[in-house]
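Each protein sequence line maps, in turn, to chains Y and Z.
If you want this note's numbering, it's the position in the first sequence, counting the first as 1, plus 9.
If you want this note's numbering, it's the position in the second sequence, counting the first as 1, plus 89.
Careful, some of the hints might be misleading.
EDC-like mimics (lysine to aspartate or glutamate), calculated; alpha carbons at most 20 angstroms apart, straight line [to be verified]:
1) Y:K386 - Z:D152
2) Y:K386 - Z:E130
3) Y:K386 - Z:D104
4) Y:K296 - Y:E315
5) Y:K386 - Z:D139
6) Y:K296 - Y:E180
7) Z:K189 - Z:D104
8) Y:K179 - Y:E67
9) Y:K386 - Z:E140
10) Z:K210 - Z:E118
11) Y:K380 - Y:E343
12) Y:K349 - Y:E391
13) Y:K120 - Y:E67
14) Z:K137 - Z:E118
15) Y:K244 - Y:E180
Since the hints were made in silico from the structure, they are not lab data.
Quick caveat: nothing in here was measured; it's all calculated off a predicted structure.
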Amino acid sequence: MSRIVYNGPTDDHQARGTPYSGDPDGGEGVASDPLRTLALDGWHRARGARMVPFAGYEMPVQYDGVIAEHQWTRQHAGLFDVSHMGQLLFYGERADAALETLLPGELRMLKDGRLRYSLLLDDNGGIVDDLMATRRGDHFYVVVNGATKHDDIAEFERRLPRGVVLDHMKEQALLALQGPEAVAVLEGLAPGVSELSFMQGAMFRVAGQPAWISRSGYTGEDGFEISVDGAVVSKVADALAADERVRPVGLGARDSLRLEAGLPLYGHDLDRETTPVMAGLEFAIGKRRRAEGGFAGAGRILGEIENGTVTKRVGLLVDGRQPVREGAMVLDREANEVGKVTSGTFSPTLGRPIAMAYVPAAMAEPGSQIKLGQRGKLFQAEVTQMPFVPHKYYRKTAGSVTQ
Amino acid sequence: MSLFFTSEHEWIRLDGDIATVGISTHAQEALGDIVFAEVPESGRALNKGDEAAVVESVKAASDVYAPVAGEVIEGNPALADNPGLVNSDPEGEGWFFKLKVADCSELDGLMDEAAYREWVKTL
Chain Y
10 MSRIVYNGPT
20 DDHQARGTPY
30 SGDPDGGEGV
40 ASDPLRTLAL
50 DGWHRARGAR
60 MVPFAGYEMP
70 VQYDGVIAEH
80 QWTRQHAGLF
90 DVSHMGQLLF
100 YGERADAALE
110 TLLPGELRML
120 KDGRLRYSLL
130 LDDNGGIVDD
140 LMATRRGDHF
150 YVVVNGATKH
160 DDIAEFERRL
170 PRGVVLDHMK
180 EQALLALQGP
190 EAVAVLEGLA
200 PGVSELSFMQ
210 GAMFRVAGQP
220 AWISRSGYTG
230 EDGFEISVDG
240 AVVSKVADAL
250 AADERVRPVG
260 LGARDSLRLE
270 AGLPLYGHDL
280 DRETTPVMAG
290 LEFAIGKRRR
300 AEGGFAGAGR
310 ILGEIENGTV
320 TKRVGLLVDG
330 RQPVREGAMV
340 LDREANEVGK
350 VTSGTFSPTL
360 GRPIAMAYVP
370 AAMAEPGSQI
380 KLGQRGKLFQ
390 AEVTQMPFVP
400 HKYYRKTAGS
410 VTQ
Chain Z
90 MSLFFTSEHE
100 WIRLDGDIAT
110 VGISTHAQEA
120 LGDIVFAEVP
130 ESGRALNKGD
140 EAAVVESVKA
150 ASDVYAPVAG
160 EVIEGNPALA
170 DNPGLVNSDP
180 EGEGWFFKLK
190 VADCSELDGL
200 MDEAAYREWV
210 KTL
């Protein structure tokens, strides 16, 4: 057995945005910076985690097994360590207006304690990163991808006006507690969190430690993200894991969960060659921003909203049992390559392979039949609505769980 | 019946000139949850080192090589519906294929069970 081809965000070299060579050792020319360890490194190892390089850190890829952790999260509560992600603070009198020059989201009218999913764009409308931006009193709190955080910081510092000050919270840890039992577990440790609505956050104390907690995540489940000082994160993790409804979950299941939820992953489904409209992320462009423009790449992006794009990101249900992975070809009737699969795995919830791909707009309608090619073999797939598995976000205005 | 291992983590159980081939306990642990296995059809002639089967976990795909030359006499039909057998019983029910071995001396270079288990500890 050999020539293992790894997929998804468990491979450091893909995460850094270099073309994947198919060589799990990364091939030639791959940076070999020393790996950093997480504040919870020993905590993960003590619980049997298998650690792999990712985004410059040694990260837990799995504990019991990807499928068991995936299903535990869908049924109970999974605890993820996402401390590799970049946590940034933006101070300055007009920080919201300054951020709006780079991000297409509605930030000026964003209420205190509210989060928005947004995109850092280059001047051509290409996606530099996707992120979560929160107004927190006099500043903005922005969480960016781990693999891109240093480039993002350089980009922000180069392009934001001098009056805006950026602080990278290097010692801050970030946990995510996701799943239908997350709210009951966390309410017991941080009373009041159940009052938060999806995409809302506030300061709490959890296990005696001050923590910024938001009702958000990237699994499609109801859940929370918990930002605490790395020096005390083990106390918080211990308190959460002491609850029998909670199990630690690694990067492997994080990837299959977000794929089922139809959520794109930067460096795979999104990059500088893709725009928000190609990626189907028009929802991240605020109504006022569409009318007024004034963000990086606005000319191109507003034109694409008006006229459509040549290719679109779609979800695919793949026939059979064999997963079709990132890099597989989308073929037209004459077997010409007309698109690429950007993420693919075996869906534990659906019991079949699913994938995301960029396809020509004419093939992007749900129900379209598509042929894929991978390692010399043909696969049949059907374009389907995403998410593959319904979201279970908690929206207070609706009074209950909405899908 | 003697059990041999390759440095690519296949195992071979030799019974007369019939070899049963699978992947080792160590290999399935490294791959994680197996979700797909493709086995060769009977009658197919394999050279030593040929890609004989495919195994995929949630996060990785890998080829299984023919450890010796021979003719496939059976692919494990149970793996089509239950690829998880490779995880639950890798060196038993989770076998991939059976070969009629052309030249048993090709097995001479392989590790025996004790040597393989010792070697895996050093990885």
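Against the structure, the hints come out as follows:
Using a Cα cut-off of 20 angstroms, the hinted pair Y:K386 and Z:D152 holds, with the two alpha carbons roughly 14 angstroms apart. For the suggested pair Y:K386 and Z:E130, the alpha carbons sit about 16 angstroms apart, so the restraint of at most 20 angstroms is met. Straight-line distance between C-alpha atoms of Y:K386 and Z:D104 comes to about 34 angstroms, which puts the hinted pair past the 20 angstroms bound. Distance hint between Y:K296 and Y:E315 is fulfilled; the C-alpha atoms sit about 14 angstroms from each other, no more than 20 angstroms.
Restraint check for Y:K386 and Z:D139: the C-alpha separation of about 17 angstroms stays at or below 20 angstroms, so the hint holds. With a C-alpha separation of about 36 angstroms, the suggested pairing of Y:K296 with Y:E180 is violated against the 20 angstroms cut-off. The suggested pairing of Z:K189 with Z:D104 holds, with an alpha-carbon distance near 10 angstroms, which does not exceed 20 angstroms. A C-alpha spacing of about 16 angstroms is found between Y:K179 and Y:E67, which places the hinted pair at or below 20 angstroms, so the restraint holds.
Among the hinted pairs, Y:K386 with Z:E140 is consistent with the structure: their alpha-carbon atoms are about 14 angstroms apart, no more than 20 angstroms. With a C-alpha separation of about 13 angstroms, the suggested pairing of Z:K210 with Z:E118 holds against the 20 angstroms cut-off. This hinted pair checks out: Y:K380 and Y:E343 have alpha carbons roughly 10 angstroms apart, not beyond 20 angstroms. As the CA atoms of Y:K349 and Y:E391 are separated by approximately 14 angstroms, the hinted pair is consistent with the 20 angstroms bound.
Straight-line distance between C-alpha atoms of Y:K120 and Y:E67 comes to about 36 angstroms, which puts the hinted pair past the 20 angstroms bound. For the hint linking Z:K137 to Z:E118, the alpha-carbon distance of about 25 angstroms lies beyond 20 angstroms, and the restraint is violated. Among the hinted pairs, Y:K244 with Y:E180 is consistent with the structure: their alpha-carbon atoms are about 15 angstroms apart, no more than 20 angstroms.
Violation of the numbered hints given earlier is confined to hints 3, 6, 13, 14; the remaining hints are satisfied by the structure.
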